[in-house]
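Given next are the chains, with one letter for each unit.
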Amino acid sequence: MDGAEERAFDFDDVFVACEGLEVTPTPDGCVIYDAARERVHYLNPTAAVIYGLCDGARRSLRAMCAFLAQAYGLDQQPVEATRDCLKTLIAEGLVRPCAKSSAER
Amino acid sequence: MREVVCRTLRHEYRLVCPDAEVANDLAFMETKPEIVGAALEVVSIPVFADGGFLRMTLPNGALVEGAASHLMSALHAIVYREAFEAISGAALIHCVTAVHSERPDARILIVGAPGAGKTTLTLRLLSDGYAIEGDEHFVLGPEISIARPRTLRVKAGSLAFAPKLAAAIEASPRISFSSGAPLYSVSPAISGLPWRIAPGEVESVVFLEANHGGLSRIEPIGVDEALRRLLSETSFPQDGVGPAAARLRTMLVKARRHALLLGDLNRAVLQLRRTVL
Numbered sequence: 001m002d003g004a005e006e007r008a009f010d011f012d013d014v015f016v017a018c019e020g021l022e023v024t025p026t027p028d029g030c031v032i033y034d035a036a037r038e039r040v041h042y043l044n045p046t047a048a049v050i051y052g053l054c055d056g057a058r059r060s061l062r063a064m065c066a067f068l069a070q071a072y073g074l075d076q077q078p079v080e081a082t083r084d085c086l087k088t089l090i091a092e093g094l095v096r097p098c099a100k101s102s103a104e105r
Numbered sequence: 106m107r108e109v110v111c112r113t114l115r116h117e118y119r120l121v122c123p124d125a126e127v128a129n130d131l132a133f134m135e136t137k138p139e140i141v142g143a144a145l146e147v148v149s150i151p152v153f154a155d156g157g158f159l160r161m162t163l164p165n166g167a168l169v170e171g172a173a174s175h176l177m178s179a180l181h182a183i184v185y186r187e188a189f190e191a192i193s194g195a196a197l198i199h200c201v202t203a204v205h206s207e208r209p210d211a212r213i214l215i216v217g218a219p220g221a222g223k224t225t226l227t228l229r230l231l232s233d234g235y236a237i238e239g240d241e242h243f244v245l246g247p248e249i250s251i252a253r254p255r256t257l258r259v260k261a262g263s264l265a266f267a268p269k270l271a272a273a274i275e276a277s278p279r280i281s282f283s284s285g286a287p288l289y290s291v292s293p294a295i296s297g298l299p300w301r302i303a304p305g306e307v308e309s310v311v312f313l314e315a316n317h318g319g320l321s322r323i324e325p326i327g328v329d330e331a332l333r334r335l336l337s338e339t340s341f342p343q344d345g346v347g348p349a350a351a352r353l354r355t356m357l358v359k360a361r362r363h364a365l366l367l368g369d370l371n372r373a374v375l376q377l378r379r380t381v382l
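Going down the list, the sequences are from chains A and B.
Its first residue numbered 1, the first sequence is counted upward by one per residue in our numbering.
Its first residue numbered 106, the second sequence is counted upward by one per residue in our numbering.
Don't read these hints as lab results, they were simulated from the structure.
Check before you lean on any hint, since a few could be wrong.
With the C-beta cut set under 10 Å, the calculated list includes, among others, these residues of chain A facing chain B [said to hold, decoys possible]: (1) Leu21; (2) Val23; (3) Pro27; (4) Asp28; (5) Gly29.
Away from chain A, derived, C-beta distances all over 10 Å, residues of chain B [unchecked claim]: (6) Arg115; (7) Glu139; (8) Pro151; (9) Pro164; (10) Val169; (11) His205; (12) Asp210; (13) Arg279; (14) Pro287; (15) Leu298; (16) Leu320; (17) Val328; (18) Pro348; (19) Thr355.
Ranges of calculated distance between the beta carbons of each label pair, as one might list FRET restraints [as the list claims (entries may be wrong)]: (20) Lys359(B) <-> Arg62(A): 45 to 53 Å; (21) Ala81(A) <-> Lys359(B): 23 to 31 Å; (22) Phe158(B) <-> Asp28(A): 53 to 61 Å; (23) Val16(A) <-> Ser206(B): 50 to 58 Å; (24) Ser337(B) <-> Asp28(A): 16 to 24 Å; (25) Gly327(B) <-> Asp84(A): 18 to 26 Å.
The C-beta atom is built at its ideal place from N, Cα and C for all residues, glycine as well.
Just chain A, same shape as in the assembly (with noise of 0.2 Å):
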């Protein structure tokens, strides 16, 4: 464990969704199947919503907390609601912390 699920994230960490997941959406969110532990997820859309913007496009907890605030028509940024989010799915290995480069830091 490299401590990522008991520390608080910062505003500058970036997410990347882990390898080898198969995503499949549904009316009401998608189904990521882990074939490697051959563990079945629901995602809800909200979360879906969260896990898709761990893309590979490096955005930071900061950007997804001002994307969702302005997508869901927000008056204050569900910055809390984001990081357990993403704590589950890290904890359930969907999601890794990725390495900032050193331009981010």
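Assemble the complex: chain A is given as a structure, and chain B must be docked to it using the hints.
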């Protein structure tokens, strides 16, 4: 010569028997629904009687020799394997598939663990104007979804719950458990309706829970709870687990979902009529 016909979603196996006695011994395997839209490949399998034993050669060239039960086990293995191979990428849901005769597109899957009362309820539905497409698996595929052809398997203890059908059940082909108790292979056509299997959507999924001797109660359940219950009753293809699981969830999102605490049968059927069909 007499043939025992056993249809799958891909084949029509014809066991060509040397006489009526052998055909009677193998009749438990007879499965003859009309399968809408299916172009079945006919496979004739001659059966020979030789010194008290039966002999047949399977399509893969394997020679099977022994008692009738041995031959039926071999054919059953083929039929069962075909259920997984018939539709590429399909998930196999362990359930009864029923439709009401007045609404043949209103397909209902009845799911329950062993002992929950699937056979008892199925016989009662059969007595009450419902048609049964299959009593073992529903094949949920990428493009086609359809019940796997299989007769009802009825133990003697279930006869009391279907008095109108008891005589027809007792006249159905049977095998015997080691205890001597019979297990009947019952065509859904005994209700008087033709046994017809059509591909199509699922309108309702009902999860049975046993409440033997008590009242019946039906209540809606959410998609997550339905999926949790269904996963334990579903076999997934070796390739394409993710898409198959997504299809399962999609089906549940679209379908009506209920849990039926199954006690009194009259009340159960009444509640099903009011809420599901």
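Tested hints:
no., hint, in the structure
1, Leu21, "holds, 8 Å"
2, Val23, "holds, 7 Å"
3, Pro27, "holds, 5 Å"
4, Asp28, "holds, 5 Å"
5, Gly29, "holds, 8 Å"
6, Arg115, "holds, 26 Å"
7, Glu139, "holds, 32 Å"
8, Pro151, "holds, 43 Å"
9, Pro164, "holds, 32 Å"
10, Val169, "holds, 35 Å"
11, His205, "holds, 26 Å"
12, Asp210, "holds, 20 Å"
13, Arg279, "holds, 40 Å"
14, Pro287, "holds, 40 Å"
15, Leu298, "holds, 34 Å"
16, Leu320, "holds, 33 Å"
17, Val328, "violated, 7 Å"
18, Pro348, "violated, 5 Å"
19, Thr355, "violated, 5 Å"
20, Lys359(B) <-> Arg62(A): 45 to 53 Å, "violated, 38 Å"
21, Ala81(A) <-> Lys359(B): 23 to 31 Å, "holds, 28 Å"
22, Phe158(B) <-> Asp28(A): 53 to 61 Å, "holds, 57 Å"
23, Val16(A) <-> Ser206(B): 50 to 58 Å, "holds, 55 Å"
24, Ser337(B) <-> Asp28(A): 16 to 24 Å, "holds, 21 Å"
25, Gly327(B) <-> Asp84(A): 18 to 26 Å, "holds, 21 Å"
Taken one by one, the earlier hints fail for this structure at numbers 17, 18, 19 and 20, listed in ascending order.
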